[in-house]
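Chain by chain, the residues run as shown.
Protein chains: 2
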Amino acid sequence: MKKIVQCVPNFSEGIRKNIIEKIVEPLKNKEGFKLVSYESDQDYNRTVVTIIGDPESMILPLVNFFEQALIHIDMNHQKGQHPRMGAVDVVPFIPIENMTKEECIEIAKKLSAQISKKFSIPIFLYAQAATQKNRVLLPSIRKGEFEGMEEKLKNEIWKPDFGTSNIHKTFGVTAVGVRDPLIAYNIDLDTDDIEVAKKLAKTIRKSSGGFQYVQAGPAYLKDRGHVQVTMNILDYKKNPIYRIYETIKMESLRYDVKVTSSEIVGLCPYNAIYSSLKYYFSSNFLNIPKNLSFNDIIEQAKKYLNLRDFEKNKIIEYHFKEKL
Amino acid sequence: MKKIVQCVPNFSEGIRKNIIEKIVEPLKNKEGFKLVSYESDQDYNRTVVTIIGDPESMILPLVNFFEQALIHIDMNHQKGQHPRMGAVDVVPFIPIENMTKEECIEIAKKLSAQISKKFSIPIFLYAQAATQKNRVLLPSIRKGEFEGMEEKLKNEIWKPDFGTSNIHKTFGVTAVGVRDPLIAYNIDLDTDDIEVAKKLAKTIRKSSGGFQYVQAGPAYLKDRGHVQVTMNILDYKKNPIYRIYETIKMESLRYDVKVTSSEIVGLCPYNAIYSSLKYYFSSNFLNIPKNLSFNDIIEQAKKYLNLRDFEKNKIIEYHFKEKL
Chain A
1 MKKIVQCVPN FSEGIRKNII EKIVEPLKNK EGFKLVSYES DQDYNRTVVT
51 IIGDPESMIL PLVNFFEQAL IHIDMNHQKG QHPRMGAVDV VPFIPIENMT
101 KEECIEIAKK LSAQISKKFS IPIFLYAQAA TQKNRVLLPS IRKGEFEGME
151 EKLKNEIWKP DFGTSNIHKT FGVTAVGVRD PLIAYNIDLD TDDIEVAKKL
201 AKTIRKSSGG FQYVQAGPAY LKDRGHVQVT MNILDYKKNP IYRIYETIKM
251 ESLRYDVKVT SSEIVGLCPY NAIYSSLKYY FSSNFLNIPK NLSFNDIIEQ
301 AKKYLNLRDF EKNKIIEYHF KEKL
Chain B
1 MKKIVQCVPN FSEGIRKNII EKIVEPLKNK EGFKLVSYES DQDYNRTVVT
51 IIGDPESMIL PLVNFFEQAL IHIDMNHQKG QHPRMGAVDV VPFIPIENMT
101 KEECIEIAKK LSAQISKKFS IPIFLYAQAA TQKNRVLLPS IRKGEFEGME
151 EKLKNEIWKP DFGTSNIHKT FGVTAVGVRD PLIAYNIDLD TDDIEVAKKL
201 AKTIRKSSGG FQYVQAGPAY LKDRGHVQVT MNILDYKKNP IYRIYETIKM
251 ESLRYDVKVT SSEIVGLCPY NAIYSSLKYY FSSNFLNIPK NLSFNDIIEQ
301 AKKYLNLRDF EKNKIIEYHF KEKL
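Chains A and B are the protein sequences, given in the same order. Using this note's numbering, read the first sequence as starting at 1 and increasing by one per residue. Using this note's numbering, read the second sequence as starting at 1 and increasing by one per residue.
Just chain A, with the same shape it has in the complex:
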């Protein structure tokens, strides 16, 4: 059975288009995996790359990708709104199919070993790959950012997992890790009142007593002229999309506000949608077919979850399955 991982490297350049192309180049048109997207944010001065496929096939191209970032980014001159500590800032691996967490960690280590050796870049293992408690959360590793990292590495407790305690003078340091897939999900409201979105976010998010695996907040969409509840779902099996969507619909009634649509940002697993559709089929006394094709999934998700801008390429499996 084919092993499939998703890898989402973030690098610290989001403005200079020619440089971005050069850095991403080693990941294009490779055997064994697919470059799904690379999206740059100018304010953040940062680009998020998504590749999906066979993990072993990714290693060498990722090393070459690091090399391009090393050549073209000097962190001493890099400025942006997003906190960062390296030219390639963070490389999370996400197990998708026929991969255990442990196998993902092995891949993360293999990549880290090659990079630290070849380019003298210090590397921290983070999230599920972390070797120490203080390295589980990325922000605690990244604290101090590039500028504070030379000093930070002198502290024994911040000895990198790979490489020496000497920061790379132009590249900085990188975190490589393993995490579960998360879903970036937003629910649109037909109001421009941010307070309503704030109150609704509080009803569902963990930090205010809501669902355990939901991080949520309010957002105003300037272009569209309405607010939304914007969230990360950290475990869609325990906190399925439909439950959150229906809870927001229920809660919004009290403000005389309507849920007009919802959206998934980035990729999401087929099963995250399928399992929510199962709820809607069964509550309408319908049997759901054992497999829905990608086209069916899109159509039904638009119907029941009012998903907007939802296309096949948002489904992770679409990028490596022959058909569904």
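Hints are supplied without guarantee of correctness; some may be wrong.
Each pair may be met inside one copy or between any two copies, as identical chains are not told apart.
As the list claims (entries may be wrong) - Heads up, simulated BS3-like pairs for lysine-lysine below, C-alpha to C-alpha not over 30 Å straight-line:
(1) LYS249 - LYS302
(2) LYS143 - LYS169
(3) LYS152 - LYS290
(4) LYS109 - LYS222
(5) LYS117 - LYS278
(6) LYS290 - LYS198
(7) LYS101 - LYS199
(8) LYS312 - LYS118
(9) LYS249 - LYS206
(10) LYS303 - LYS290
(11) LYS302 - LYS258
(12) LYS202 - LYS290
(13) LYS290 - LYS249
(14) LYS199 - LYS290
(15) LYS110 - LYS154
(16) LYS290 - LYS258
Calculated directly from the structure, the hints in this document are not laboratory data.
Position chain B relative to chain A; hints supplied.
Below, chain B without anything else, positioned relative to chain A:
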């Protein structure tokens, strides 16, 4: 402003009616507080008493209540299904009006000091009154039960907060503490399939990823011939009743099961009902009056939450407010 606390002493006799009456006697018809109820469970061999009112007025009657339990219960012969460590097993104080948590802790200490001195009973402060981390949760104090307590007290970390490390040979030991009000709430389903109740409980309870302040499980009601989702709501402000009720309604659709009614076991704060009614009024575009009388609250709660067996005396405030 009148200070109001609720106190819910549990004692280890639930079978012998004449003994139960003798133990409860000192709490009857006293100035300053009201004996709201005492409910015995024969299988548990345990009685739960509820008193509400002025905290200072409760102290002497509670000392006398302890004395009666001491006289009439010998823990060497007491058997029942409920774990226990003393003739009076646990005495929680719950701040209701014009009382801070700190003031409640003072009352708990005052009572503990008198009892340990007068009757040589070792006392542990627990929950919000706990002086050590391992004393926050009652089960960890109670572990070993009456029979294991003599040995347990020899361990320095289980030195009682009041009294000596010598267990009282017939009474055992007691825990006195302070906790927030909790609501025991159940939602009835028109099915006898316990699996459905189990699945629904999982959608709302913290331990399965649901709401932070909900502990829930399935129960089958033999007499009534249907199942229910039975729960404790530990913080009704953060996890309001209506939200849980509506979530269960929404989730039950997928099993083709109906929510037929719900019930509150024991007492609940006026505001727990009022704040949920606010949701239903506003989602029906109605203004809710600033105060609803006890009668109004009952009527509306029956209408919107399908509360069964809900009477005025289930509302805490009914027991000390002139009228509402």
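Do the hints match the structure? See the list:
no.: 1; hint: LYS249 - LYS302; verdict: both (16 Å within a copy, 23 Å between copies)
no.: 2; hint: LYS143 - LYS169; verdict: within (18 Å within a copy, 58 Å between copies)
no.: 3; hint: LYS152 - LYS290; verdict: neither (53 Å within a copy, 57 Å between copies)
no.: 4; hint: LYS109 - LYS222; verdict: neither (42 Å within a copy, 57 Å between copies)
no.: 5; hint: LYS117 - LYS278; verdict: neither (49 Å within a copy, 63 Å between copies)
no.: 6; hint: LYS290 - LYS198; verdict: between (38 Å within a copy, 24 Å between copies)
no.: 7; hint: LYS101 - LYS199; verdict: between (36 Å within a copy, 27 Å between copies)
no.: 8; hint: LYS312 - LYS118; verdict: neither (38 Å within a copy, 76 Å between copies)
no.: 9; hint: LYS249 - LYS206; verdict: both (18 Å within a copy, 21 Å between copies)
no.: 10; hint: LYS303 - LYS290; verdict: within (19 Å within a copy, 40 Å between copies)
no.: 11; hint: LYS302 - LYS258; verdict: both (16 Å within a copy, 27 Å between copies)
no.: 12; hint: LYS202 - LYS290; verdict: between (35 Å within a copy, 24 Å between copies)
no.: 13; hint: LYS290 - LYS249; verdict: both (28 Å within a copy, 26 Å between copies)
no.: 14; hint: LYS199 - LYS290; verdict: between (38 Å within a copy, 21 Å between copies)
no.: 15; hint: LYS110 - LYS154; verdict: within (25 Å within a copy, 53 Å between copies)
no.: 16; hint: LYS290 - LYS258; verdict: between (32 Å within a copy, 26 Å between copies)
Hints 3, 4, 5 and 8 from the earlier list are contradicted by this structure; the remaining hints agree with it.
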